[in-house]
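Top line first, the protein sequences correspond to chains A, B, C and D.
According to the working numbering, the residues represented by the first sequence are 1 to 208, in order.
According to the working numbering, the residues represented by the second sequence are 209 to 829, in order.
According to the working numbering, the residues represented by the third sequence are 830 to 1190, in order.
According to the working numbering, the residues represented by the fourth sequence are 1191 to 1300, in order.
Each hint should be verified, as a subset may be incorrect.
Claimed, not checked - Distance condition first, Cα-Cα at most 30 Å in a straight line; then the derived DSSO-like pairs of lysine-lysine: (1) C:958 x B:626; (2) B:743 x B:216; (3) D:1216 x A:99; (4) B:698 x B:743; (5) A:25 x B:626; (6) D:1246 x A:99.
What the hints contain is simulated information worked out from the structure, not anything from laboratory work.
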Amino acid sequence: MAHVEEKLTAENFPAAPEKATLEGKNKFVGFWLFLGGETVLFASLFATFLALRNSNAGGATTQEMFELPLTFAATMLLLFSSITSVYAMYHMKNYSFGKMQLWLGITVLLGLGFLILEIYEFYHYVHAFEFTIQSSALGSAFYVLVGTHGLHVAFGLCWITTLIVRNSKRGLSLYNAPKYYVASLYWHFIDVVWVFIFTVVYLMGMVG
Amino acid sequence: MSTLTQKKGAGAVIWDYLTTVDHKKIAILYLIAGGFFFLLGGLEALIIRIQLAIPNNDFVTAGFYNEVMTMHGTTMIFLAAMPLLFALMNAVVPLQIGARDVSFPFLNSLGFWLFFFGGVFLNLSWFLGGAPDAGWTSYASLAVESPGHGVDFYILGLQVSGLGTLIAGINFLATIINMRAPGMTYMRMPLFTWTTFVASALILFAFPALTVGLALLMFDRLFGTAFFDPALGGNTVIYEHLFWIFGHPEVYILILPAFGVFSEIIPVFARKRLFGYSSMVFATVLIGFLGFMVWAHHMFTTGLGPIANAIFAVATMAIAVPTGIKVFNWLFTIWGGSIKFTSPMIWAVSFIPSFVMGGVTGVQLAAAPADYQFHDTYFVVAHFHYVIIGGVVFGILAGSIYWWPTMFGKMLDEVMNKITFVLFFIGFHLTFFIQHFIGLNGLPRRVFTYLPGQGFDTSNFISSIGAFLMAAGTIVLLINIIYTSIKGEKVGTDPWGDGRTLEWAISSPPPEYNFKQTPLIRGLDPLWIEKMEGKKEMTPAEPLADIHMPNGSILPFIVSLGLFIAVFGLMYREDYGWGLPVIIVGFLITFGAMFFRSILDDHGYHIHKEDLIDEDKGGRA
Amino acid sequence: MRKRLTKWRLIPLLAVLTLVLAGCGEPFLSTLQPAGEVADIQYDLMVLSTLIMVVVIAVVVVIFIYVVLRFRRRKGEENNIPVQVEGNHKLEIIWTVIPILLLIVLTVPVVTATFKLAEVDAIEDENRKPEEAIVVNVKANLYWWEFEYPDYGIVTSQDLIVPTDEKVYFNLISSDVKHSFWIPAIGGKMDTNTENVNKMWLEFDSDRMDQVDPTGYFYGKCAELCGPSHGLMDFKVKPLPRAEFDQWISDMEGAKVVATSDVAKQGEQLFEEKGCIACHAVSPTDERPAAARTAPNLATFGERARVAGILEHNEENVRAWLNDPETLKPGNKMTGTYPKLSDQELDALTEYLMELKVSNK
Amino acid sequence: MAKGHNSATQNIDLIYRRKKNAEEMKHQVVSFAMMIFFTIVAFVAVGYEGIGEWFKVPFILLLAVVQVIFQLYYFMHMSHKGHEAPKFFLFSGVFVAVLTVLALVTISWW
Ligand code: HEA
Ligand code: HEA
Ligand code: CUA
Ligand SMILES: [Cu+2]
């Protein structure tokens, strides 16, 4: 890339802006690699959870604690935040910066809602069932797995918010397009993990 | 630009290294830090061998022995062997693929500083109430029970340095995927690059398992969780699995780059193309792949049941096949060649029988029922020192000598190199060969002493003598390094004369931008191809143009420093009131620096065409 | 050149030397001198695998020596450029297939033996007759071993007594951290986990009982790092012919603690006063639950092979142990749990302890 | 470089690209709808008493896997070209992940 900056317009904006520069390409590949590693990270936590899922040490069982409506609401929030971030990327490709920002903003709000639900849920288990991270191996495995995911959500929220704020006055460029793109990849990945969490932890926990 | 670096004062040099994002300087940082930790680990090995030289010895106490033994293994694996390999990779891989830089110069530096601070943190345990003492594997039951903060140092230190390793791995992968020069297809990549690639992939997939294993241990020790508390339904075998899911690939993370080093050195000094290049690549990938399916061979005696044991036994043995392919390819590279016995070549050829001896005992260990006898005895200690020293350490030594000109522009003294070799080689076999029999005769490993009259006395004494020969060899190497850095003469391009790959196509050491013009690659061993056509240089793939360079940054150092501070807080949270604020301050520093990095635009700078031409005229190589 | 040759010559020399030294292994503790069926199976596998490995090493070394000597760059060859061979499919297939064949030769007995050594169904078998196949519950503790015979309701520590020529089944568990149960001359090890029971079997061959040490024992060891005194967590194994074993069992079942001499009686009293009894049982029919048995059962202490598993069994060492266990076994769980003992108290306790026997001999 | 193109072709290019993007977006909305549908099915299956327990677990796992494939291929564009390396490394990760889970659910309790 020559460093003579050329004015970007909808016309000359590249079809794959995230990979239009060498830096972008590197970010793109590097981030996917990172996601490969994250897969193993979460798999290790899932595996631990599965090995300990019946180790409630006399405390409440997952069947007693988990409730479909709460999990369903959380799931919907997160799933919808996935499609909103797809919309954001759609607008990025079309070089409509404002719309992209808007959709990302909605994504953040949905994510925030999810996080609040999760915090409420943890609070509820602790107080209604005395189910804590220390009360049994099941408790440890549950909170660490779901909590790690929650931390990822929180980190993603901070990240996307930073992007929105930092670039609000600058508009879209080939410098920040890859940043937006990998943030959205990250967000989808969080969603992928959640699909397994609600299936393996909650639904399977309710089946027994 | 580079003229400036010549006349800097000490402070400026230090600042330069603290902020550097240049892979060549990061290589030197890795070399120095890794070398230091190697000496430390070696010193610990000497303490082990002194203590075990005679029965009922009281040179060190039982508790201290366990600390030394644990720190020896941990230091050698995480803080010496891997970083030293990273030094070689950083110095060479970008050059071998004809790249100006790595994909993520900033992250490259971050990776180093995380490793460094993690290592320093781990070793501070010596001064702060005692080092970890549960073995380098730190199995859950013992590690959870271990009093004091030793094991916390282990957990947190490895967590921080492991993060650095993971980052380094991702960086190499992205670099090799994205930054290859025109014409450098995957199947034209030198084998050192290939093995770096596969080893980095192993890092990417193995380290997260370690991260989780350590995190669970940390939660149990510091936050009262119950992962490994049988009374609350916990299960320590989970830790064993997670550790070895990481741990076995880890040994291939170590050995594959060493294989790569030998695959570079042997063709150069046999003056013959690597025999069976594509099968070498295939074998490398296959070893990496199989490496993930065999971890339970470390757990044959855990009681996993005959089905699991049988499956893992057979899978493990399968790895002998691709490794054998490599061994024979090396032998047949030499066959028909014209060997020049420089010291890198001497290390490389003596690696072959040494490593095979260690490899075949590995296959014996894989025979599950026999392993019920071998497991946790000195037979295992003998096995892994044979593969690690005969493979990895020989590889690091060979590679460091071979690429010393690339890193420092000078050659180590060959006579001293050969003295080092003789002492180290003899010492190595003397120390570890006999340990096979110590183990077979019934001595478990990790014992701080043994009682007389059980048949271990003479053999342990002999083993200890060998360790001192290795130490002597190492000291000669140190003298050599000091001597060379004072006296040694500058060398020019292709100092070994028979270089085949791209790092020898440019000056030693290379300029900061590596290649003035990206070279055009026309096949395997690109420099050799050009040489055979009578040319001295690579054909450029692009016209001379401005070169884009990344800016240096102190942020990686600060990010790592923040974590270093935070882990102190984490560890002392329950003991002292200042624990919590320190955690917060630490994380604020880290995340603050990251935040800063992400909102501050850093477009780097350019070296202008005119300056490049000037430099040519100036006659600076 | 000369220098290099002498260097290479050193290696076989060293190898021979070490092989000679290897002969020094002690028969009561060496895996190379098996004394039971399990160790035999394992030894055979070790020999088979070693043979295969020697072949592999030999092939590699022969080629190695040939190429290294033959293809040196001699004087006058400085500008010699060898033919750049790309590879050779035939050769590559050969060195892929031959190792596979060698490995198949190895895997077959490996898999068979793996399953054979895991045949422990008898433990759960309702119809198992203790006269033919006994079960021993092994509990590993920091740094001592407890052996419970559930068929007979008796408990002993440190010294394992077993019948010869029949399968002995073991249930293995740990009470604190992980250990590993290993009798090298009799068979491979198995870990004692903290959360579940592991099962294994061993067999002690009467024909080879002459391999025991001068006092009549095989040596057992802890093979998993478990703390400072891991290296001292030894136990001893005494195999007895079935008749003698049955005699021992009945002695154990009928054992009564009776101190004879005055000094011993005094010791018996001290044993209670000083709180030893809180941890140590002195009756082999200890009915407390396993978790409450926090110290070695001393019912047979007078007949032990060793004091605390490591020291020669004499009064001097018992005194030394009671006086200061910490220096003898760093980190052990007895240190500091009882008041300091005077010389006279030590004498009395020693006397008492040495009288604790079950055999009528 | 921009001067090299004339604006007419650029416009056609733009219209074409817009259309393609819109079409892709349509696919994504459809796959999203299906994901929501699968999720509802999974929740209903678990909540509904009439179905055998043995059936539920494999069934909801299958639904999860399908959903994830949607995410990866449509939302994260893994089907597009230029994703060879991501695909390879993600699936390698999945491979290790599956081994890990498999091991810990089978041989850590016995
Ligand atoms: C660089 C490090 C390295 C390497 C390369 C290896 C390589 C191998 N290792 Fe090793 N190993 C360790 C480092 C390494 N290991 C460490 C550190 C431990 C101990 C950890 C601890 O507990 O602390 C260990 C422990 C260990 C165990 C567990 C022992 C126990 O604790 O009970 C086993 C068991 O299967 C094993 C097997 C193998 C095998 C089969 C190979 C194979 O990859 C070897 C393959 C090579 C060859 C076989 C030689 C060349 C081949 C030919 C010439 C072809 C023909 C050969 C045949 C037909 C046999 N290793
Ligand atoms: C890369 C890995 C690596 C390397 C290179 C080494 C190198 C050596 N190791 Fe290591 N070792 C391990 C990895 C390694 N080891 C591991 C993983 C364990 C298992 C730990 C565990 O059980 O948890 C182990 C365990 C281990 C044991 C068993 C301990 C026990 O079970 O109780 C022994 C015993 O002999 C031993 C010896 C040696 C020796 C003599 C060397 C020699 O090769 C060292 C040679 C180097 C030197 C001698 C350096 C010279 C130093 C100086 C000259 C000092 C100068 C000093 C300054 C200037 C500061 N090692
Ligand atoms: Cu018990 Cu080692
Ligand atoms: Cu291994």
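Identify every previously stated hint that the structure contradicts and give their numbers, smallest first.
-> Violated hints: 1, 2, 5 and 6; rest satisfied.
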